[in-house]
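S.K.: For the protein sequence lines, the chains are A and G, in the order given.
FYI, the numbering for the first sequence is 3 to 85, going by this note's numbering.
FYI, the numbering for the second sequence is 12 to 430, going by this note's numbering.
If you're looking for bench data, these hints aren't it; they were derived computationally from the structure.
Quick caveat, the model's predicted, so the values are computed rather than measured.
By construction, the Cβ of each residue, glycine as well, lies at the ideal position given by its N, Cα and C atoms.
Mixed in with the good hints there might be a few duds.
Stated by the list, open to error - On the chain A side, residues computed to face chain G include the following (Cβ under 8 Å):
hint: 1; residue: L28
hint: 2; residue: K29
hint: 3; residue: P33
hint: 4; residue: Q41
hint: 5; residue: H46
hint: 6; residue: C47
hint: 7; residue: R48
hint: 8; residue: L60
hint: 9; residue: S65
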Amino acid sequence: MIQLTIDGLPIQVEDNTTILGAADKLKIYIPTLCHHPDQVVKAHCRICLVENEGMHTLIPACSCTAGEAAPVNYRRSPRQCIL
Amino acid sequence: MLKETRIVLQNVGLVDPVSAKDYLSRGGYGSLRKSLSIPPEAVIEEIKKSKLRGRGGAGFPTWKKLDISSGVKSDQKYIICNADEGEPGTNKDRVVLSNDPHSVFEGMAIAAYAIGADKGFIYLRYEYPYIFPILKETLENARKEGFLGNNILGTDFSFDIDVVSGGDAYVCGEETALIDSIEGKRGEPRFKPPYPGVSGLWGKPTVVNNVETLANLPTIMEKGGSWFSGIGVFNCTGTKVFTLCGNVAKRGVAEYPMGTNLKNNFETHGGVKNNRPLRGFMLGGQSGNLINASQMDLNMDSDTCRAANATLGTGTIMVIDDYNEILDIVENIMSFFINESCGKCTPCREGNIRMHEIIHNINTGKGKLEDLDLLEELAETMNVASLCALGQNSSYPVITSLHNFRQDYLKAIERGQRA
């Protein structure tokens with residue numbers, strides 16, 4: 003089990019859960035485009051980018067597992083620029 | 012006047028490139044012999060002491076790459092030499108590979124021994140077809156002398172190298188795209204993690220290093236890591252092979268210690284061609300930074316450059332004289348990136364095209380003042396949201412020219428509005 007914080011809300015998830023999966027449990031909606039559970043995720047579309055504290059670049063929530071993430075901020079992500 | 016300190020280029024011009032005997036007479040393959048007599052961990056320890064950092068542009072500590080891969084348990088590991096020198100204006104790897112390929116092979120063998128790899132690849136740039144036969148013949152000669160192949164120098168270490176040709180793609184200089192390309196796929200960067208050090212070529216631990224980085228290893232093993240770390244500056248040790256190009260009097264490749272002053276370097280090479288006034292420099296290749304002439308007093312090492320909003324990158328110094336328009340240069344660079352973006356991720360694929368469009372508009376007198384803010388916003392987005400370094404860095408020339416040559420943009424917009 004891994005402890006994770008998304009937008010200040012703590013949650014515990016299984017190892018190998020993606021940030022997207024964890025956010026789902028918290029009822030935080032992160033939009034996706036190229037992600038599909040039946041597909042091998044490749045993080046192309048960059049719609050689901052979230053801010054990982056302490057990192058310069060944004061990370062795709064669909065492909066990064068919770069274990070790799072420091073506290074994650076979704077609402078602060080500058081996704082608006084991409085859309 | 013600067014004097015060259017030659018480590019990577021020490022044999023250039025002094026040996027027959029393909030001849031193993033010539034290389035041996037210059038003390039070649041002695042470092043491999045020495046490395047094989049000590050445990051692999053000690054080799055990595057020596058490289059750690061040297062504080063050698065990758066010379067491909069990113070400046071990642073070499074020992075860390077090796078250490079990560081050596082810690083992974085696998086039946087097969089790979090060493091890849093990144094000779095896909097795609098950065099326009101950079102010629103350092105070409106000089107090393109065509110004049111002293113043995114030193115690169117020796118470096119690869121040392122790195123392979125350190126991580127326990129038994130197979131290596133050289134990913135040679137498509138535009139260097141004449142180097143291909145040189146490498147083939149050199150490999151053959153090295154095998155004949157017993158420095159490659161099975162049971163090298165009577166030990167149970169076996170290692171061999173294959174030359175793979177690239178396919179004329181800039182993005183394949185990125186390590187994961189390069190790996191995809193060797194696997195026979197379309198060269199597109201992979202999502203990281205997993206990093207190649209853990210899962211790279213065909214899913215096996217793979218260390219990808221630049222030609223210049225590998226060519227440094229034999230000297231480090233021969234003279235010791237602490238000797239090497241005495242050259243250059245504290246966190247950026249050793250030498251760097253600089254390529255001077257553009258409107259400079261004496262173009263060419265020269266090796267100086269890290270932290271060498273840009274002004275000194277530039278003046279040693281005769282200043283601007285035909286004594287025209289200097290406008291600025293493009294540092295570190297096309298994805299590098301444009302600086303103006305007043306910022307010339309700059310020490311060229313990764314950290315100082317980063318702090319001064321410049322880049323060391325691949326060590327390319329493109330000199331720009333007053334005959335050139337900065338906007339033309341930036342527009343040209345952006346059209347290059349449109350061509351070379353692989354199209355995998357959205358920010359890079361779309362961003363480069365939009366950025367080129369805006370700059371083209373400004374340049375042809377259709378620009379507005381708001382466009383400058385839009386450019387900054389677009390650049391920031393590409394920088395944080397792109398998948399690989401191509402998209403993350405391709406906006407640097409735009410951003411830095413916006414800061415350092417803002418007058419040029421303003422003048423072009425004003426000219427358009429008056430017309």
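S.K.: Each hint needs a verdict: does it hold in this structure or not?
M.R.: Checked hints:
1. Because the beta carbon of A/L28 sits about 23 Å from the nearest beta carbon in chain G, more than 8 Å, this interface hint is broken.
2. Against a cut-off of 8 Å between C-beta atoms, the interface hint on A/K29 is violated, since the closest Cβ of chain G lies about 25 Å away.
3. For A/P33, the interface hint is violated, the least distance from its beta-carbon to any beta-carbon of chain G being 13 Å, above 8 Å.
4. Interface hint at A/Q41: violated, since its Cβ lies 13 Å from the closest Cβ of chain G, which is beyond the 8 Å cut-off.
5. A hinted interface residue such as A/H46 counts as satisfied when its beta carbon comes closer than 8 Å to some beta carbon of chain G; here the least separation is about 6 Å, so the hint holds.
6. This hint holds: A/C47 has a C-beta 6 Å from the nearest C-beta of chain G, less than the 8 Å allowed.
7. Against a cut-off of 8 Å between C-beta atoms, the interface hint on A/R48 holds, since the closest Cβ of chain G lies about 5 Å away.
8. For A/L60, the interface hint holds, the least distance from its beta-carbon to any beta-carbon of chain G being 5 Å, beneath 8 Å.
9. About 5 Å separates the beta-carbon of A/S65 from the nearest beta-carbon of chain G, less than 8 Å, and the hint is met.
Checked against the numbered hints listed earlier, the structure breaks hints 1, 2, 3, 4; every other hint is satisfied.
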